[in-house]
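Undergrad: The chain contents come next:
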Amino acid sequence: MMTEIPQATITATDSLIRVKDLKVHFPVYGGVLRRVVDFVRAVDGVSFSIPRGITMGLVGESGSGKTTIGRALVRLNQITDGEIFFGDKEVGQLTTRGFFPWRKRIQMVFQDPYNSLNPRMRVGRAIQEPLDIHFPRWDRRRKEGRVRELLDLVGLPRNSGERFPHEFSGGQRQRIGIARSLAVEPEFLVLDEPVSALDVSVQAAIVNLLQDLQKELNLTYLFIAHDLAVVEHISDEVLVMTGGKIVEQASAEAIYENPQHPYTKKLLEAVPAI
Amino acid sequence: MSTHLTPSSPGQTLLELRDLHIRFQSRGEEVHAVKGTRMTIAEGETVAVVGESGSGKSVTGMALTQLLPGKPACEVTGEILYRGKDLMACSGREIRQYRGKEIAYIFQEPGSSLNPVFTVGHQIAEAIKLHRPEIKDVTAEVIRALDLVHIRDPEKRFRDYPHQLSGGMQQRVMIAMALACHPKLLIADEPTTALDVTIQAQIMNLLRELREKIGMSIMLITHNFGIVKGFADRVVVMFRGEIVEEGPVEEVLANPQHPYTRALIGCIPRLGNRRERLTTIDYEEIEQALKKEERV
Chain A
0 MMTEIPQATI TATDSLIRVK DLKVHFPVYG GVLRRVVDFV RAVDGVSFSI PRGITMGLVG
60 ESGSGKTTIG RALVRLNQIT DGEIFFGDKE VGQLTTRGFF PWRKRIQMVF QDPYNSLNPR
120 MRVGRAIQEP LDIHFPRWDR RRKEGRVREL LDLVGLPRNS GERFPHEFSG GQRQRIGIAR
180 SLAVEPEFLV LDEPVSALDV SVQAAIVNLL QDLQKELNLT YLFIAHDLAV VEHISDEVLV
240 MTGGKIVEQA SAEAIYENPQ HPYTKKLLEA VPAI
Chain B
0 MSTHLTPSSP GQTLLELRDL HIRFQSRGEE VHAVKGTRMT IAEGETVAVV GESGSGKSVT
60 GMALTQLLPG KPACEVTGEI LYRGKDLMAC SGREIRQYRG KEIAYIFQEP GSSLNPVFTV
120 GHQIAEAIKL HRPEIKDVTA EVIRALDLVH IRDPEKRFRD YPHQLSGGMQ QRVMIAMALA
180 CHPKLLIADE PTTALDVTIQ AQIMNLLREL REKIGMSIML ITHNFGIVKG FADRVVVMFR
240 GEIVEEGPVE EVLANPQHPY TRALIGCIPR LGNRRERLTT IDYEEIEQAL KKEERV
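As given, the protein sequences belong to chains A and B, one line each in that order. For the first sequence, counting from 1, position 78 maps to 77 in numbering that gives the first Met the number 0; every step adds exactly one. For the second sequence, counting from 1, position 232 maps to 231 in numbering that gives the first Met the number 0; every step adds exactly one.
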């Protein structure tokens, strides 16, 4: 089933994602004529790279620009300036149409499993939807087989496909969101606060699932969160962000054992200790 | 009203729940959400009610002032004694004397608890006008309430609409509103779950400070043992509508007796503890443990 994916362009560089001087600015309108009076510099000159197969954690408070980076990577936000490389191909400046073949390689899981699923769409259809878009030539049986495979993969009962989102708990809904993002066999997942809306006990199960899937499917993650304890647990490397800029980048151990930036220290202190 | 109530003094029982049952009717099926809960909260005491979604912790808090739907959708039985008075026996009119005035609430999502079409000042003023008619200068009182929760420039923020405030600020407004009528008991239902960790720390510190200042009791409802430590005096652990363990926080954390409590504590990710996998809750094991207990 990999035949329909464009020829892999991963060559000499071992990083899957490389971001160079990324800027995402949002215009602020003001005055009677609603002219652009200023910009919100949500992401203001950020560079990093993510090696294949690792989990890169991205932490910061609300408003720090972490979600904007995630959304820019999947092209839900238009970038103002800078470059995004997937392998050695620049994808940040592509048109929507030009980016289309890349969409199935870069997928996103959202924070709120309650609002990110269509309440009137059966779960099976929701998971199948990306297949309809990216693999239009597949026949029905193949797609349905794939949906069952995905339900197994994320640990949901096989008959879940017939049911509606409201019949599932928060943790199960997040599993549905993960299954949907994995449907098209992506290489890279942007996980935007995937466990923040869940109970701690359910968080643990989802974090474990994500780690299992990463090993099994050789995925690369960008894990966005505000809770350093979770990020430290799941990540190989961590980026710390505030005010649209990255203030610290280090291995997960180093961030915890020897935080350099005062903001990182503040984040660490905020984690309740038991 | 105070004639019905026992006078208050520190250490005395403020609230007592006796054999509280809550049942919901859902499409012809009965859901027994709370199964015979007993609990006491003393004056000035902070009790944490910990459990997962569906454990019955939130509905317990809501039942106190009849915030749950009436029959036949929902049935509450048992006794809720507040300063010696059974709140279960109160009429709708009577209970409104307690709700907000004596027992106040803050909820998880400040964004959806505030009315988007009124300014925050207006909403806090409403509570004050209703419960403290003796106050002449309501605006000054609202500004005092906003100042109490450390909102800068309260005179300006007074005229803000909820959407103009961040999540942490909205929660501060909710707290200001809850405390504007000097309640004796604050039900804090997941007050920080929707907030960032740094804001969470700020809000918990604020509650800690105000508790000292006002001398109220707090029932902290949460799924996260992490915020309980250093905040609550006692903890009550709920599992599927039943209390499985209770005791002083330090004791329960240091030496949890029930397998469910152990599991809940075990699944919290900890800094500097990079285990391969997080512990998840094995429900079968817990149910077996519960059955064993029943047999004994």
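Bear in mind the hints are in silico, worked out from the structure with no lab data behind them. No experiment lies behind these values; they were computed from the predicted model shown. Keep in mind that the hints are not guaranteed to be accurate.
Just a sample of chain A residues kept apart from chain B, beta carbon distances all over 12 angstroms, derived [said to hold, decoys possible]: (1) V35; (2) F38; (3) S61; (4) D80; (5) F84; (6) R96; (7) F134; (8) R157; (9) E192; (10) D211; (11) Q259; (12) L266; (13) I273.
The calculated DSS-like cross-link candidates involving lysine-lysine, where the alpha carbons are at most 25 angstroms apart (straight line), are [said to hold, decoys possible]: (14) A:K22 - A:K244; (15) B:K128 - B:K228; (16) A:K214 - A:K244; (17) B:K155 - B:K128; (18) A:K265 - B:K128; (19) A:K264 - B:K228.
Where is the CB? At the ideal position from N, CA and C, for every residue including glycine.
Undergrad: Next step is simple, just say for each hint if it's right about the structure.
TA: For each hint, the structure was consulted:
The claim that A:V35 lies off the interface holds: its Cβ sits roughly 21 angstroms from the closest Cβ of chain B, which is beyond the 12 angstroms cut-off. Against the 12 angstroms criterion, A:F38 stays outside the reach of chain B, whose nearest CB is about 20 angstroms from its own CB. A Cβ of chain B approaches the Cβ of A:S61 within 12 angstroms, the least distance being about 5 angstroms, so the stated non-interface status is violated. For A:D80, the requirement that its beta carbon stay farther than 12 angstroms from each beta carbon of chain B is met, with the minimum near 27 angstroms.
At roughly 30 angstroms from the closest C-beta of chain B, the C-beta of A:F84 stays outside 12 angstroms, upholding its exclusion from the interface. For A:R96, the requirement that its beta carbon stay farther than 12 angstroms from each beta carbon of chain B is met, with the minimum near 35 angstroms. A:F134, annotated as away from the interface, keeps every beta carbon of chain B farther than 12 angstroms; the closest lies near 33 angstroms. In this structure A:R157 is separated from chain B by more than 12 angstroms, as the shortest Cβ-Cβ distance comes to about 20 angstroms.
For A:E192, the condition that its CB be more than 12 angstroms from all CB atoms of chain B is violated, with the nearest at approximately 10 angstroms. Not every C-beta of chain B lies more than 12 angstroms from that of A:D211, the closest at about 9 angstroms, which undercuts listing it as non-interface. No Cβ of chain B approaches the Cβ of A:Q259 within 12 angstroms, the least distance being about 16 angstroms, so the stated non-interface status holds. Distance to chain B contradicts A:L266 as a non-interface residue, since its nearest Cβ pair spans about 6 angstroms, not more than 12 angstroms.
The beta carbon of A:I273 sits about 5 angstroms from the closest Cβ of chain B, which is not more than 12 angstroms, so the claim that it is off the interface is violated. For the suggested pair A:K22 and A:K244, the alpha carbons sit about 10 angstroms apart, so the restraint of at most 25 angstroms is met. Annotation: proposed proximity of B:K128 to B:K228 is violated, straight-line Cα distance about 36 angstroms (limit 25 angstroms). Simply put, A:K214 and A:K244 have alpha-carbon atoms about 31 angstroms apart, too far for the 25 angstroms limit, and the pair is violated.
At roughly 21 angstroms between alpha-carbon atoms, B:K155 and B:K128 fall within 25 angstroms of each other, so this suggested pair holds. Proximity of A:K265 to B:K128 is assessed by CA-CA distance (about 40 angstroms); at most 25 angstroms being required, the pair is judged violated. The hinted pair formed by A:K264 and B:K228 meets the criterion: a straight-line CA distance of about 21 angstroms does not exceed 25 angstroms.
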